[in-house]
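*Asks:* If you want the building blocks of each chain, they are given just below.
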Amino acid sequence: MKINVKYFAFYEDLLDRKEEQVEVGEGATVADLFNHVMRQYEFKDRLSTSTLFAVNQAYVPRDCLLKNGDEVAFIPPVAGG
Amino acid sequence: MERLVRIVEGPIDLLALDDWIWDPSCGAEVKFLGKVRNHNHGRKVIDMEYRAYTSMAVQEINYIVDEAAKKWAMTRCAVIHRTGKLKISDVAVAIYVSSVHREEAFMACPFIISELKRRVPLWKKEQYEDGTQWLGMRPC
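Top to bottom, those sequences are chains A and B.
Residue 81 is where the first sequence ends in our numbering, and the numbering goes up by one at each step.
Residue 221 is where the second sequence ends in our numbering, and the numbering goes up by one at each step.
So here's chain A without its partners, still in its complex pose (with noise of 0.2 angstroms):
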């Protein structure tokens, strides 16, 4: 399935990118593709608990079944105001 991701803030930075596209296996989660991420990039998730994940753009658990061509946003802790 061809996932489009969407790095934030921390995560842009940390990736050096704000999107791109990853391809993940049938009945990947979105926790599934967030290890995904940070293996590829071979970075060590000492912060997935204070992440939160949106799928099209709304809040999900982090075991939510991704379906091919979801739009996913890595979601680090908000800070607006």
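Just so you know, these hints were derived from the structure itself, not from any lab.
Hints are supplied without guarantee of correctness; some may be wrong.
[Stated by the list, open to error] Computed list of lysine-lysine pairs in BS3-like fashion (alpha-carbon distance at most 30 angstroms, straight line):
#1 A:Lys6 <-> B:Lys116
#2 B:Lys166 <-> A:Lys6
#3 B:Lys168 <-> B:Lys206
#4 B:Lys198 <-> B:Lys116
#5 A:Lys18 <-> B:Lys116
#6 A:Lys18 <-> B:Lys198
#7 A:Lys2 <-> A:Lys67
#8 A:Lys6 <-> B:Lys198
#9 B:Lys125 <-> B:Lys198
#10 B:Lys116 <-> B:Lys166
#11 B:Lys206 <-> A:Lys18
#12 B:Lys125 <-> B:Lys112
#13 B:Lys168 <-> A:Lys18
#14 B:Lys206 <-> A:Lys6
#15 B:Lys166 <-> A:Lys18
#16 A:Lys6 <-> A:Lys18
#17 B:Lys112 <-> B:Lys152
#18 B:Lys168 <-> A:Lys6
#19 B:Lys166 <-> B:Lys206
#20 B:Lys112 <-> B:Lys198
#21 B:Lys125 <-> B:Lys206
Computed from a prediction, not measured in an experiment: that's the story for all the values here.
Keeping the supplied structure of chain A fixed, place chain B upon it in accordance with the hints.
*Replies:* Same frame as chain A, now just chain B:
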């Protein structure tokens, strides 16, 4: 209820907001401005950068305004958040609420800013004399 929800890259036009929030049926206007502070957790802040997941941020703010509208009878409600590089004392967020009587606007305004800070995908990076930090993140 009339609403105005925006994520903007330049300065927030407060005079235009003053005009927009006015309604002859309203006896109350509550206005909150969130500004860039020159210190945080004991460190001197030089400037600040805000970023947003703009489309989702607008959607989440609209959900928050919906929730506020169910609780309190607002006549007009504006929520504008700025992104990009901001200097000390620049306005990062403006929340204006007008209502017939004061209680509704007084109650809705803090609810909206608290929820915005809790769940809207906006981020800020503080610039210090000796480095930068995304707020809320531990060093990795």
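*Asks:* Take the hints in turn and mark each one as holding or not.
*Replies:* So, going through the hints one by one against the coordinates:
1. With a CA separation close to 28 angstroms, the supplied pair Lys6 of chain A and Lys116 of chain B stays within the 30 angstroms bound.
2. Between the alpha carbons of Lys166 of chain B and Lys6 of chain A the distance comes to roughly 21 angstroms, so the proposed pair stays at or under 30 angstroms and holds.
3. With a C-alpha separation of about 12 angstroms, the suggested pair Lys168 of chain B and Lys206 of chain B falls inside the 30 angstroms cut-off, and the hint holds.
4. Pair hint Lys198 of chain B plus Lys116 of chain B holds up; C-alpha atoms about 13 angstroms apart against a cutoff of 30 angstroms.
5. Note on Lys18 of chain A and Lys116 of chain B: the hinted pairing holds, with a Cα-Cα distance of about 27 angstroms set against a maximum of 30 angstroms.
6. For a cut-off of 30 angstroms, the pair hint linking Lys18 of chain A to Lys198 of chain B stands: about 22 angstroms separates their Cα positions.
7. Distance check on the hinted pair: Lys2 of chain A and Lys67 of chain A sit about 8 angstroms apart at the alpha-carbon level, within 30 angstroms; holds.
8. Pair hint Lys6 of chain A plus Lys198 of chain B holds up; C-alpha atoms about 21 angstroms apart against a cutoff of 30 angstroms.
9. This hinted pair checks out: Lys125 of chain B and Lys198 of chain B have alpha carbons roughly 22 angstroms apart, not beyond 30 angstroms.
10. The hinted pair formed by Lys116 of chain B and Lys166 of chain B meets the criterion: a straight-line CA distance of about 13 angstroms does not exceed 30 angstroms.
11. For the suggested pair Lys206 of chain B and Lys18 of chain A, the alpha carbons sit about 16 angstroms apart, so the restraint of at most 30 angstroms is met.
12. For the hint linking Lys125 of chain B to Lys112 of chain B, the alpha-carbon distance of about 27 angstroms falls within 30 angstroms, and the restraint holds.
13. A distance of roughly 24 angstroms separates the Cα atoms of Lys168 of chain B and Lys18 of chain A; the hinted pair therefore holds under the 30 angstroms criterion.
14. Taking the CA atoms of Lys206 of chain B and Lys6 of chain A, the gap is about 18 angstroms. The hint holds against a cut of 30 angstroms.
15. At roughly 18 angstroms between alpha-carbon atoms, Lys166 of chain B and Lys18 of chain A fall within 30 angstroms of each other, so this suggested pair holds.
16. In summary, the hint linking Lys6 of chain A to Lys18 of chain A is supported, as the alpha carbons are separated by about 6 angstroms, within the 30 angstroms threshold.
17. A hinted pair counts as satisfied when its Cα atoms are at most 30 angstroms apart, and Lys112 of chain B with Lys152 of chain B qualifies at roughly 18 angstroms.
18. Between Lys168 of chain B and Lys6 of chain A the alpha-carbon distance is near 27 angstroms, which keeps this suggested pair within the 30 angstroms criterion.
19. Straight-line distance between C-alpha atoms of Lys166 of chain B and Lys206 of chain B comes to about 9 angstroms, which keeps the hinted pair within the 30 angstroms bound.
20. The suggested pairing of Lys112 of chain B with Lys198 of chain B holds, with an alpha-carbon distance near 17 angstroms, which does not exceed 30 angstroms.
21. Simply put, Lys125 of chain B and Lys206 of chain B have alpha-carbon atoms about 13 angstroms apart, close enough for the 30 angstroms limit, and the pair holds.
Figure legend: structure checked against the earlier numbered hints; every hint is met.
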